[in-house]
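**Q** Protein chains in written order, with my numbering: chain E, 117 to 270; chain A, 198 to 960.
Rather than coming from a laboratory, the hints here were simulated on the basis of the structure. Since the structure is predicted, the reported quantities are computational estimates derived from the model, not experimental observations. Don't take every hint at face value.
[Claimed, not checked] So the derived label-pair ranges between C-beta atoms look like this:
| hint | chain 1 | residue 1 | chain 2 | residue 2 | range |
| --- | --- | --- | --- | --- | --- |
| 1 | E | Asp131 | A | Lys791 | 38 to 48 Å |
| 2 | A | Ile463 | E | Asp131 | 22 to 32 Å |
| 3 | E | Asn232 | A | Ala429 | 48 to 58 Å |
| 4 | A | Leu283 | E | Ala122 | 27 to 37 Å |
Where is the CB? At the ideal position from N, CA and C, for every residue including glycine.
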Amino acid sequence: MKVEIAVNGEKTTDDVEPRLLLAHYLREVRGLKATNIGCDTSSCGACTVLVDGESVKSCTVLAVQADGRQVSTVEGLAGDDGLHPVQRAFQQEHALQCGFCTPGMVMASVGLLSENPHPTEQEIREGLEGNFCRCTGYHNIVRAVRRAAEGADA
Amino acid sequence: MSILGTRVVRTEDPLFLTRGATYTDDLVDERLRGAAYVTFVRSPIAHGRITSIDTSAAAGAPGVVAVFTAADTEGDGGLSPLPPPLPMFTKGMDRPPFAKDTVRFVGDIIAAIVTEDRYQGEDAAELVDVDIDPLPAVVDPRKALDDEVLLFPEAGTNTIFTIPGEFDDSVFDDCDVVVTREIVNQRLAAAPMEVRASAAVWGEDGRLTTWISNQAAQMAKAALVAALAVDADKVRVITPDTGGGFGAKIGADLEVCLVAWIAGKIGRPLRWVETRSENLVGMTHGRDQVQTIKIGGNRDGKVLAYRLDVIQDSGAYPLFGALLPALTFSMATGVYAIDRLQFRSRSVATNKTSVAAYRGAGRPEAAAAIERAMDLFAAEIGMDPVEVRHRNLLPPEVFPYKTKGGSLYDSGDYAAALKMVTDEVDYPKLRQEQAERRARGDVVQLGIGVSVYVEVTGGGDESGAPKENATVEVHPDGTVTVLTGTSPHGQGHQTAWSMLVSDQLGIPLDRITVKYGDTDLIPEGGGTMGSRSLQQGGVAVHEATTELVQIAKARAAELLEANVDDLVVDTDRAAITVAGVPTTAITFAQLAEKEKLSVRKVFTAPGATFPFGAHIAIVEVDTESGKAELRRIVTVDDAGTILNPLLFDGQRHGGIAQGVAQALYEEVLYDDDGNPLTSTFAAYPFLSATEVPSFDLLRMQTPTPYNPLGAKGIGEAGTIGATPAVQNAVVDAVSHLGVRHIEMPTTPERVWTAIQDATGGQA
């Protein structure tokens, strides 16, 4: 099936199998390998991307369902002026170790802050409940999201 | 000012955050052009006889290139069964490359399918028709000891390995109080976020190149060389970015060996990445000990004797898990001066996934046992658990100290660590609040749990003292390459090793590249496990850099016509200068331009080091629902000198969370027939962000005398200290109701049941 998906602002047209997952479309068809796949039950959130600005687990969506939509991955997040505030906060707060959950965690955080620019610690934790991390104990991820939120005020 | 000891953010992060790391499944490499995909067909039955395997339908399915089963591994160019990794294990328990006559756990490999694309592999795998006559399964390791159901009839026993112990009850004769209890240290999934993956290709020169998500390329290579029965120079292992390991990515698993072997058979590059559901049955699990403890002492709080009897569930095929009790033995008495230790262990095979290392590997099990035992003893004599610990801690003046478990503790100050955490939380005030809640009969009760631990890191090399190598080379353009035998999977080696080099040379971090995990480039090395990296691999980098400075000075002395003793490093300029004459200088880059400037160093440690610490966990338990929630955890984790507090605390955070997860949530479960009940992330209670609070970390640094950095290992501290602290806190919250013990994970059902049992349903 033919799909037209704007990936990181760039319009693309591809012919895909109807059963192709958006996650596999991004990785295999578009070659955007930052979006990782960590499970097969839509539990871990490693594959989180933004679809029309909302965070979505890209393993729960078929590529054909994204037809005509805007899809944003971590590769498209940094602007010409350097890292996005969430990316910068993740580095400053050491919110990543092995890095596997990171692209999904960053996109989930971007989605969270767009819905709630001033979350409490509890709101951050609840907002990221669907994104698993095995390395950080979530401690520094929560700090990074707070830092990014505070930075947005400045 | 030295960069060492300062908070330096990671130099690897910008790439990880913008383009993502390059994990094995992300590889784009010319050598893998046209790669086919491998899908494994696994047993759905825990124990049974294979009566037939029909692969004809699968072989004819769209995109199928080839199908392999046990029959294909026999004869010339075949693949031999994999023997257990340690020679002292019971013979006759080899793992065939594909299950041939018998399947021994759900997940045992029956066939491999090679397809043009990945989706086709999943489709074709469903078409493999396997008939299995079920046999009785042995799931409980206590029952495995009876040998009524044998996994390997030819071995004649399920017992793989024992540490024999004489249990002489007279050591408890002079004790006022003796407490005995069985404790289960449950089975856990390592569950790194990146599952296992590999890619393999054989070159025209007859050499295998294989990319493996792993913690130790050199060990993986050794395993492959043995499995494939080829010369060592025929195998090259490359480690891409690795998305976590936690002990379960040491060596080369059978799947990785099969992918390499099949790539050779069909003469085509191959890729394999497992699914999470496959990972949760195929990747080795951790822990899984049944422990019987017996602790005796006097009413004044002095412990006189301790016995630990371990049954280690090792799963279907003996791996490192069968040896975990040896580590448990070495750390059995923990931080306490206990002269009378009795220990016995029996490692047994069961119809479950094999057990191997998981963050802490044998030491969390030791700490959980002794820390639970101390609380049981304290409860029995009616003394505060902190006070009981203070009366038994090894004092700081005893080091080096040889334990009855055979460990030689290098340094420590356990009482100082315990005092630091109890002061931080205002322990007496917490006890007062607890007393008030109890007096009021509150539904939500407060629990305070303590653990004091010591662990062993950077453990021994089988052939002698632990060692690790590093090469540091300065290039004429002023950049540096570091080759290290250790291997990151989240620890931040790029940053840490660059700091060690930059500290002495003054070359900035962004001009230093750390290379690892390529066995052609770095033939020797022990990888990253057992919290060994900094204290061995990092020290090798440090010493190589020190020697490089000496060589640079000697060369500079000639070029500058100066006395070598007058030369100093000007780190601001990355140059050697004459002291007091800054205009007379030559940079490291200039020296490298004239002659190759490279040093390889092997660091040999005198022995393992013994980090220690104290954790206090504060929980609230709803006595009506049984739900326990962690409110606060305060830890001091002393691993000697800290290189980078950012990385140091990051290791603590992750370990604490995994320790909390064991105490409260996580457990790999099987039914009585050996069917896994937790083989997806929907079923395995993986810790999420809502289930832990932020952590309060205190700092203490007692340098080890064993290396010039004074560093011990920090990678596993959290899983060793936090688990017993949290478990003790949950029990403590309801101890006034008569509860003495609750097994991990302390689920609402278990807590509620414990309360009902203790109160006869009156609570």
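**Q** If a hint holds in the structure, say so; if it does not, say that too.
**A** Hint check:
no.	hint	result
1	Asp131/E <-> Lys791/A: 38 to 48 Å	59 Å, violated
2	Ile463/A <-> Asp131/E: 22 to 32 Å	29 Å, holds
3	Asn232/E <-> Ala429/A: 48 to 58 Å	57 Å, holds
4	Leu283/A <-> Ala122/E: 27 to 37 Å	56 Å, violated
Hint check: violations occur at hints 1, 4; the rest are consistent with the structure.
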